[in-house]
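These protein sequence lines map, in sequence, to chains A and B. Those letters in the first sequence? Residues 1 to 483, per this note's numbering, in order. Those letters in the second sequence? Residues 1001 to 1393, per this note's numbering, in order.
Heads up, a few of these hints could be off.
Below, simulated DSSO-like cross-link-like pairs (lysine-lysine); rule was C-alpha separation at most 27 Å, straight line [as the list claims (entries may be wrong)]: (1) A:402 x A:412; (2) A:167 x B:1075; (3) A:333 x A:226; (4) A:167 x B:1173; (5) A:69 x A:14; (6) A:167 x A:226; (7) A:226 x B:1173; (8) A:333 x A:167; (9) B:1173 x B:1075.
Think of the hints as simulated: they come from the structure by calculation, not from any bench.
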Amino acid sequence: MQMPQPDPRVLALKPRLLSELRAVLPGDALIDAPAELLAYECDALSAYRCPPLAVVLPRSTEEVAAALKICHALGVPVVPRGAGTSLAGGALPTADSVVLGLMRMTAVLETDYANRLIRVEAGRTNLSVSGAVEAEGFFYAPDPSSQLACAIAGNIAMNSGGAHCLKYGVTTNNLLGVKMVLMDGEVIELGGAHLDAGGLDLMGLVCGSEGQLGVVTEATLRILPKPEGARPVLVGYASSEIAGACVSDIIEAGVVPVAIEFMDGPCIRACDDFSGAGYPDCEALLIIEVEGSDAEIEEQLAVILEIARRHDPVELRESTSPEESARIWLGRKSAFGAMGQINDYMCLDGTIPVNALPLVLRRIGEMSRDCGLDVGNVFHAGDGNMHPLILYNANTPGELEKCEAFGAEILKLCVEVGGCLTGEHGVGIEKRDLMEVQYAPADLEAQMAVKDVFDPKWLLNPAKVFPLAVSAPRREGDVRDVG
Amino acid sequence: MRPESESQLVEALRDAGGPVEVRGGGTRLAWRPVASDVLETGGLSGVRLYEPGAQTLVAGAGTPLAEIEALLAEKGQRLAFEPMEARALMGTSGTATLGGVIAANVSGPRRVQAGAARDFLLGVRFVDGAGRLVSNGGRVMKNVTGYDLVKMMAGSWGTLGVLSEVSLKVLAKPPVECTLILRGLDGAAGVARLCAAMGTPYDVTGTAHLDAGLAGEDSLTLVRIEGLPGSVAHRRRALLEGACAGCDSVEGEESAALWRAVRDVTPFAGRTGAVWQVSVKPTDAPRLLTALEAANLRGPAICDWSGGRLWLLLEESAAAAVALRTEVAALGGHATLMRASEDYRAGVPMFQPQAPGVARLAERLRATFDPRGLLNPGLMAQTPVGPSVGEPA
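Build the full structure now, drawing on both the sequences and the hints.
Dropping the structure here:
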């Protein structure tokens, strides 16, 4: 993965930039000591690192606006950062950029249970949004695996999903309004406590734009009453084909589980070794969770189990207690840790049409044998979002590159069968150069034209999402010097 | 113009020399009649893919909505966002199309729980005002690859491009529905009950309050639940013990008929006056109605989405439009004029004016995707002007 060469003009501006920022920000809101900058040199895609020019940690929308205005006037690129948990390099700086981190903006501004909403500063972590409304019996539905650490700002930038989005949708379906700062420092509000845009759905555009259109500083989020209860079942099958058919039949039967998680043989065995969850030794394992009162859970599970049995499972385990439920989830929840104990791994995030699952798993298995790197698959099976984990050894020269090439082949396969490059992690730098596999030039041009509208000088997180060669005229072109 | 293929659509828009009115089934009013060519999308019709087990449907934008709904019903599925049948309200004929539903982001009562049309839209193909074919999104449910132009197109009313194909997430239709009914509450008490019902874990899928005289003598406060039989029985019992104490309940077709009336705003069909759709925070709905009453402008109201969407029938006066939009702006929502006489429409913009910063972005987006200002010109613009070219002032 390449990053653009730092702009010498911007590097030369550093003293002026720092003094102008210092003049409008509190003393502790600006970081420029080289040792401290190292904390911001990467996000969770830690294979790529580069300390920025400076880091700004504002405490208010006004401070965000003041900092952006200065960077805009000086033509300095800005990389917005939530909690730095991006797996796609969304918050990776360049040497000529200012990182604008929102982690000090964590306040709850308003909770309104009658209207089922919460308004928070965007640096607040995902899980603590639920925490703020838990006592009243509510929760915030999108639940990315990193929810303990990740910030709402990043969730909005990446339109994050989670294990339960089969029922509750992803961030964009649970976002009511944003306050955001445009690159030139102008503050705007989109949406609000009401439903639906009163004009073009600009908020829908901003959600998932990877910090390239503006910096969201406040968000109004839908909160939901917590279900009365939830219960998983575990079903093991001899092949992924059978498991895939079972998933399809459950969905077609009209029952909507909150989650259908899938693990393949290598992943089952690794998770079981690691966590002692007691998973059956089989080639495909489904964890299906439903919600409601006890009676409702029984009713839904009756439908699901009837279908599951019809497909001849090698194991079928119903939970009869919270402890058993926790054991069923234990292995799945430790999947990444389990794979990480075996070796370094790269986590992919493609989505495929649900019925393409057996074909895709077979092809991944063949590719794995061909290139000599092992891969385990965990998968949000209800919605087709796959997370192949490719194992490699970072200390073996050339193995990271081999792993990346293998990952790229898997993502191309996802597109080939009718899916997409990323289901919930975002493009960032990781999938940037594959965008032309999924999109025709006119499709990418249309997306870049949207950035032209919001950020005409292409200063916000400019080296992400679009292949560098494709975005180069905009990043380097005349547009930067006018306006 | 009636293109029969995407390539003909590209040609039609590339070669267009003047304003173009984009028309799906013609079930909604052409807003600001200007001398223009009509572009009908009916030729871009047909289901391309339907996979019930993947909850996915892909169809040409000109496909009749009724055809889609019939196809889904065969497999026990439906469009969960419950698009309305607008003809009776609008006083129009024609056949609603899928593309029209998406272009207007039309959602019915279930929007309060399931989401809007835009939330079920997985992918679009469209041709913009310069004749450029653009594809965005796809046919899978989780997709964050690049910008979400899918959302941008939903509710853009044909001003950014003409949809040629859409992909949708579809859901199973639960076997049982039940509606809990309270009679005689005033708006504030009705909305409070509805908000309370939405705050329960019982997965309520419809919350509406109708003024007295709209569906019978008394006002009606309606709460809908849907699901498997045991589940509906449990939730009904739980709601009757709490948020919906004192309610009657109806099931099956009787329940469905009530929600069709709310969805289609049937009580306003055939009645004179301007029909407004207002979006506010649910608990602000009674406040808005009180303010209109104080100004002697209050007309009949249907509070759908717990009050989050009001359907209002107001007199066609300048004072009513100004008062409504001023109140709504103060509450932080928006009011859309959905039906009115041609004279009234000529003086009152369809959409609520936006804050300058937001309006500027929207205007630039329209100029980007429709550089010659050909598509439904003036419909969404802040000021009733003709074709807009280039940067705004």
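We went through each hint and held it up to the structure:
1. A:402 x A:412: Given pair residue 402 of chain A, residue 412 of chain A holds - Cα atoms ~15 Å apart, limit 27 Å.
2. A:167 x B:1075: Answer holds: residue 167 of chain A to residue 1075 of chain B is near 20 Å, not above 27 Å.
3. A:333 x A:226: holds (21 Å)
4. A:167 x B:1173: Roughly 14 Å between the alpha carbons, so the hint for residue 167 of chain A and residue 1173 of chain B holds.
5. A:69 x A:14: holds (15 Å)
6. A:167 x A:226: Holds: residue 167 of chain A and residue 226 of chain A sit about 13 Å apart, inside 27 Å.
7. A:226 x B:1173: holds (23 Å)
8. A:333 x A:167: Judged against 27 Å, a Cα distance of about 19 Å means the pair holds.
9. B:1173 x B:1075: With a Cα-Cα distance of about 9 Å, the restraint between residue 1173 of chain B and residue 1075 of chain B holds, given a limit of 27 Å.
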